[in-house]
Amino acid sequence: MDAQTIANFKRMKPNNFIFADLSTYTPKETMAFYQTVFGWTYYESDGYYSAYKGDKEVCGLYETPEKFKQMRMPHFWMSYIQVNSVSQTVEKARELGGIIEMVDESALGKVALIRDPQGSGFIVYEGDQLTHTRTLNEPGTLIWNELHVSNAAKVIPFYEGIFDWRFEEQDYGTYHIWNSQDEHIADLMEMSNKDKGKYEYWVCSFGVENLAKTRDKIQSLGGTLVSEEDFRILMTDNSQQAFFYIQGI
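Per the UniProt record's numbering, the very first residue in the sequence shown carries number 1; after that it's consecutive.
Honestly, the hints are just simulated from the structure, not real lab data. It is possible that part of the hints are untrue.
Claimed, not checked - Derived lysine-lysine pairs resembling DSS-like cross-links, with alpha carbons at most 25 Å apart:
1. 154 / 194
2. 213 / 196
3. 213 / 56
4. 67 / 28
5. 92 / 110
6. 28 / 53
7. 196 / 69
8. 217 / 53
9. 67 / 198
10. 28 / 213
11. 196 / 154
12. 217 / 28
13. 213 / 53
14. 154 / 92
15. 56 / 28
16. 110 / 56
17. 213 / 198
18. 198 / 154
19. 92 / 53
20. 69 / 28
21. 198 / 69
22. 56 / 194
Input sequences plus hints: build the corresponding full structure.
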């Protein structure tokens, strides 16, 4: 991969993944878990924790709001997608069967929490103040995003319509997701509830230098192994609810 390709990947682009954060019932315990696994340190502001790997911001973390605790929502990772216009994206999402959970605006920019027709949630972001934290191959950082659903046909038209993405079918229920610049930016996996659990969700992948050692460390800290491939492992953190991949780099 040449320098120009890498530079293009790192630049914020509309309809690309740029950030992720974690909703957890137990922030202190969760932060300690990820600090041990990935070496993250944290900066707190108004109850929101920014995670850093060295001097690079990686992601965010916050305590699950009480109303979601009462709904018994699980701990979860949330993916952020850059858009030109939150308002236009929200309008398209409604037209295509999406559910708008929240729209908000702050000094960082404008955001909306959207659920696709099968219930997978994601944040769309409009602005230029949020750090673009996804990397190509740096250990302890966000490197990929993947959608786990039980029925791909029910969500593909939704994402094609709101983001102008293109889905390319592969083997075993996998689809590559391409943006309008013809860049491979994410994947979709059609999975049974037995394999993915009862929820539909976007899952984040974090780069690691040694898969086996990181897997063992996660399990020793109370995380669980969900499925294992040659190049990546799907796990939960110590909540045993928040799914994420560790992926070899």
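Each hint tested on the structure:
Distance check on the hinted pair: residue 154 and residue 194 sit about 19 Å apart at the alpha-carbon level, within 25 Å; holds. For the given pair, residue 213 sits about 24 Å from residue 196 by alpha-carbon distance, which is consistent with the 25 Å threshold. Distance hint between residue 213 and residue 56 is fulfilled; the C-alpha atoms sit about 23 Å from each other, no more than 25 Å. Proximity of residue 67 to residue 28 is assessed by CA-CA distance (about 20 Å); at most 25 Å being required, the pair is judged to hold.
For the given pair, residue 92 sits about 16 Å from residue 110 by alpha-carbon distance, which is consistent with the 25 Å threshold. Between residue 28 and residue 53 the CA atoms are separated by roughly 18 Å; this keeps the pair inside 25 Å, and the hint holds. The straight-line distance between the Cα atoms of residue 196 and residue 69 is roughly 22 Å, inside the 25 Å bound, and the hint therefore holds. Proposed proximity of residue 217 and residue 53 is supported: the alpha carbons are some 18 Å apart, at most 25 Å.
With a CA separation close to 21 Å, the supplied pair residue 67 and residue 198 stays within the 25 Å bound. Of the supplied pair hints, the one linking residue 28 and residue 213 holds, its CA atoms being roughly 24 Å apart against a limit of 25 Å. Using a Cα cut-off of 25 Å, the hinted pair residue 196 and residue 154 holds, with the two alpha carbons roughly 17 Å apart. With a CA separation close to 18 Å, the supplied pair residue 217 and residue 28 stays within the 25 Å bound.
Distance hint between residue 213 and residue 53 is fulfilled; the C-alpha atoms sit about 19 Å from each other, no more than 25 Å. For the suggested pair residue 154 and residue 92, the alpha carbons sit about 16 Å apart, so the restraint of at most 25 Å is met. Restraint check: the Cα-Cα separation between residue 56 and residue 28 comes to about 21 Å, which is no more than 25 Å; the hinted pair holds. Straight-line distance between C-alpha atoms of residue 110 and residue 56 comes to about 23 Å, which keeps the hinted pair within the 25 Å bound.
Taken as a hint, the residue 213 and residue 198 pair is broken in the structure, with Cα atoms around 29 Å apart against an allowance of 25 Å. For the given pair, residue 198 sits about 16 Å from residue 154 by alpha-carbon distance, which is consistent with the 25 Å threshold. Pair hint residue 92 plus residue 53 does not hold up; C-alpha atoms about 36 Å apart against a cutoff of 25 Å. Under the criterion of a C-alpha separation no larger than 25 Å, the hint pairing residue 69 with residue 28 is consistent with the structure, at around 17 Å.
With a C-alpha separation of about 18 Å, the suggested pair residue 198 and residue 69 falls inside the 25 Å cut-off, and the hint holds. Annotation: proposed proximity of residue 56 to residue 194 is violated, straight-line Cα distance about 37 Å (limit 25 Å).
The structure fails to meet hints 17, 19 and 22 from the earlier list, while all remaining hints are met.
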